[in-house]
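S.K.: Take a look at the letters that make up each chain.
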Amino acid sequence: MTEPSPTETELLQRAASGDSDAFGALVQPHLALFHNGIHRILGNAADTQDALQDALMSIHRDLPRFEGRSRFSSWGYKICINAALMARRSRVRIHDMERSEPLALGPFDDRGHHMDQDRAPEWQVEAQAHDLVERQEMRECLTRALDELPDTHRTVFVLKDLEDWETEEIARHLQLTPGAVRQRLHRSRVLVQARLRAHVLGGRP
Amino acid sequence: MSFLPSCHEVQTDLTEYTEGALPFSRRAGIWVHLLFCRVCAGFLRGMKALPGVAKASLAAPTDVPEAASRALDAVQAALKKGKP
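Top line first, the protein sequences correspond to chains G and Y.
Sequence positions in the first sequence follow this note's numbering and run 108 to 312.
Sequence positions in the second sequence follow this note's numbering and run 22 to 105.
Source of the hints: derived by calculation from the structure; they are not laboratory data.
Hints should not be assumed to be uniformly reliable.
Using 25 Å as the maximum straight-line C-alpha spacing, the simulated SDA-like pairs for lysine to any residue come out as follows [said to hold, decoys possible]:
no., chain 1, residue 1, chain 2, residue 2
1, Y, 76, G, 113
2, Y, 76, Y, 37
3, Y, 76, Y, 39
4, Y, 69, Y, 87
5, Y, 69, G, 302
6, G, 185, G, 164
7, Y, 69, G, 250
8, Y, 69, Y, 102
9, Y, 102, G, 168
10, Y, 101, G, 113
11, G, 185, Y, 55
12, Y, 76, G, 136
13, G, 185, G, 131
14, Y, 76, Y, 62
15, Y, 76, G, 186
Produce the complete structure using the sequences and hints provided.
M.R.: Below you can see the structure in the form of structure tokens.
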């Protein structure tokens, strides 16, 4: 008869008392989630691995303080996001210069209205893009769009639209005003939506 | 700036609009514009749908990336080494 596998609570206790194998077994089921959360913010494989390593060390260090009020995966994920934000702060941000990203998708006429409205393609992301979600190409398209964003813009977009953080919370973490967060978020949304539109509508006029 | 903003002005302000960060007169102007402009209304729908599409597309893969396993190996090795 094989021994039943230890529960998460047992693994937590053993890991907190220094059992590194128990720590591995505890973290392993959530490793892809943790890695993905960090990678979405940092976008770079090497930085992501380093930040994940730091996050796992922090998780291990703080295990005695984990009170079980949330799921272990949620608690650990939060530590991972914080580690990604720390890593982001410390790296040289060569891509973070202010660029003149568009704030709207044209083309517009002299009065700022859409040109030839009746022929403008109707972008229905909710209908068209959901059909493509299963496809790897949508992931690749979004990843490319995120990679094009300046560093702070990417972070704001990920925290707001992927992690559901409040604007004020993002502002506090990134030391920006809420207005600056909204502006970066908007530029990011316009760029990402432009890339998705081009991808979904293809060469349609 | 007139009461009814242009498409460019509407699109520029849509994030502030959805977050309720605009003064009432501006918000009302955008609301009216969106009633009549299908392109801007479509842009707003796309903006609202974007988080769902992005979350689904960029969800964690089922397989653990190699880099993640390497990070865990390194941490476990450091923990073992640190043992008295």
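S.K.: List, from low to high, the hint numbers that the structure doesn't satisfy.
M.R.: Numbers 1, 4, 8, 11, in rising order.
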